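Please work from the sequences and hints to get the whole structure.
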Amino acid sequence: MATESEDLLQGTLDLLILRTLALGPQHGWGIAQRIQQVSRDVLSVTQGSLYPALYRLEEQGAIVADWGMSENNRRAKFYRLTRAGKRQLERETESWHRFAAAVGRVLRTE
Amino acid sequence: MSTLRRGIAAVKGLFARRRLEAELDEELRFHLAMEAAEQLRQGASREEAERRAMLKLGGLEATKEAARSARGYRRLEALGQDVRFALRILRRSPGYSGAVVLALALGIGANTAMFSLVRGVLLRELPYRQPDRLVVLHQHDRQAVTAEQLFSVPDLEDLRRRTRAFSGLAEYHSMWFNLLGGAQPERVQTGVVSANFWNVLGTRALLGRTFSPEDDRPGAQPVLVFSYAYWRRSWGGDPAVVGKTLQMNDHPHRVIGVLPPVPQYPDENDLWMPTSACPFRSDPHMIASRQMRGFSVFGRLGPGVTLARARQDLAAANRALLAEYPGDYPTGGYRIDATPLLAELTARARPTLWLLFATVLLVLLIVCANVANLQLARLASRGDEVALRAALGAGRGRLLRQLLTESVILALLGAALGIGVAAALLEALIAFASRFTARTGDIALDGWVLAFTLAAGIATGLLSGSLPAVMASRGIAAGIRAGGGGSPGQAGSVRLRAVLAGGQVAVSFLLLVSAGLTLRSIWNLQAVDAGFNPDNVLALTIDLDWAHYKTPGERRAFHRILLDRARSLPGVVVAAYSSSYPLDGLGRGIGGVRVEGRYTPGADLPQAGFRMASADVLKALGIRIERGRGLESADREGAPHVAVLGHALAEQLFGPEDPIGRRVAVGSGQPPVWRTVVGVIADVRDLALDQDPGNAVWLPLDQEPAIAGSLLLRSRREPAHLTAAVRAIVRDIDPRQPVGRVQTLATARAASLAAPRLTTLLLSAFAALALAVTVIGLGGVVAFGVARRTREIGIRMALGAGRGAILAAVLREGLAAVGIGVVVGAAGAQLLARLLARLLFGVPPTDPITYGVVALLLVAVAALACLLPARRATDLQPSLALRAL
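Chains as they are written, first to last, in the working numbering: chain A, 23 to 132; chain B, 2 to 886.
Careful: at least some of the hints might be erroneous.
Examples of chain A residues lying across from chain B (beta carbon under 7 Å, computed) [as the list claims (entries may be wrong)]: (1) Gly70; (2) Tyr77; (3) Arg96.
The set of hints was computed from the structure by calculation and includes no laboratory data.
If you're wondering where the values come from, they're calculated on a predicted model, not measured in any experiment.
Where is the CB? At the ideal position from N, CA and C, for every residue including glycine.
Written out as structure tokens, the structure reads:
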């Protein structure tokens, strides 16, 4: 199992969570699974940082949580994006692209 | 303390801690189950799957902790910890905690009590409907003798007609009448008002009703409304009084209602009646004359009308009146103004209350500085504990918060105790405030006051705790680096403590100066030559009933018999009757004075207060005759009209010429009654000891038989025992005639000083408290310095330094703080003096003698406070001192 994720920047984790939730409401475990699957096992979220990140985003008002039924009929807490969260996602996606492009340019120069 | 803990628990409950914990737990368990299922699906055994799931989560509790901290209620939990820890620490040193709490309780208690006065009197809304719309109208006259000119009936009618700014204008004056039908004949003060008075103020009757326009028609059946205080006092709050018929001014009066407890303003009226029921006000001449100015006017601003707009409206009406009736108004400077009712009602109390409030705030500031000083000293001895906690990983912010929590808890305990202090002080303070304002009914320890106390407590805690806390947390790093054992905060705190002590000295200086100035002022007032001799004079107010003494002859007869019989009482040296007497609080009649042969119609007349009095009145009051003679028994009815002038008036009218034999007329009556000036007497401070005497004219009682006045008896010894005998005489002459207020002139004089004396007493008490706290603080600073320098002192003594040199070195530290404090305080006192200036009599707010004496006193007391701990330094044994460290 890949471990590059250990050094995931905090802001990056937030961005990944927001992106995942943009597809629809999801519970904590589902979010972690989804990030791992989509990144083809490159990014693995340690749950120790997942839940603090979720709670922080909830405090900031980017996401809200409701209790609902999971796919295997257990009570689970589902998170979904708020309007503020959508704006934050757009903002951070853009700045991430800028950042990545800048890093890329630096790496390309010899 | 358990209350506090319960309080914190409540706060936690508020944040639904339990629910959040349970949710967190459930969420993580769900996660574990899902993960385990996933692992199971990938082929792990059940046991292995659960182990892996847990491993991946990184430990249940650690994850929970991280999640909690992200959530924020972590902060609250830390507060709970801080509080618990602080309570433990404080319990461990009960002496220190007790001293601090007590000092804070005194400081915060005094503030709570003063704030309840300021709030009740100055800030609280008046208990009327939309009270901010209410105004009082005043007429100002460039040279009026009294502060305000009242209105005449036609004045008011014109104002009603010619202004648009008011939704209502109401008339008011107050008189004393005799009321029959209660337990005994009673002298009652009666507010006489237009029917709309209570409508304008916006007050409904508590029982029955207030006046209707029908009640105020000429010839209507007279009706009365009781004030709440009088109803309780004289009728025991009996609701059956409504509907009763009582006898007054020879007419039956029906009681139609009782008022709620509104402020006893403008006067302490027992009863209220409509203008039609007042024999004085319903007189046709009174109604028609523009110059009979005896009435106050209250108004309610119309919807949306500003005060400025109302003033313009009044000014326009005023101009029209002056143009239309030029003969009826003094020329020049005559104007009508409106003042908000609240400002009017509290005008006298305002400067005193703000001054005292500023004073107690300063006292609290001193207490804060002192508590800060105590905490610094204690930190020095707690250094090891603080350093240890720092070494164990407590962050600097956390330590700072911990120390602040301690001082806020102390301050809140002090505030709680302070409420008790305030409750104990409040009754005395209400009695004090009643000398300035009718609003004392509105003073209470209500929610606002308690909120103020809470805020004061928290602010005090933060203020007194922040300096030591910052010092300590800054010192920690240094202490640890130095290898432990150091006392955090010690290095910088010596200077800081000196600064704090200096600050206390400065504020104390300021307070002592204001106390000193008011003391000098009271001294001056007590020593002031009032122009009369109050010793052994008894004054009994005997106002004759309008209904029974209609003619001058009836009044003369009563006066003559009364004086004859009073003169023969044992011990009486002189007996006289006068329409009023100095400092009786009622004032005199005011009239313009013309000089025969010099009068031009329309010219401004010098105004003078006039009295009607029997022969010997000057002897009874001990007023000095400067020229000519006083009033004599020969000045009777039918004899040539005479007048005696006060010094100031004689000077104003005649300058260097001899006034004796010249003729003057008082008032605007036509044709004028010319009176020959037969004497000039010394000026008398009639209205108040701190007011200039003003102009005075005395007329013979027999020639102007007053209906209201007082019997004045000068006796060989203390005259109070004469009261019963005089009452018997009055009852004998006329059983329906009550005796009103009875007091000695000495009492009247003392009462006129009661308010400034109480203010001085309070200021002095606060200043003394400040001084005591400061001296303790100062002594502490020096003692601290000695303790810190034990080793240095030991070395210096071992090297042969004399005791004197050591003493001087130690004292220098304390006295430097005193010196700086005095200089800063002197500068600050100039500011406070500005607040004080209006309350001072005969002493400038920058009086150098007061400043000098206070400075000397402060330095002397401070030197003493420093000397005691400093002696400890010189008593050191060098060998012991060297071994001590």
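Unsatisfied constraints (hint numbers, rising): none
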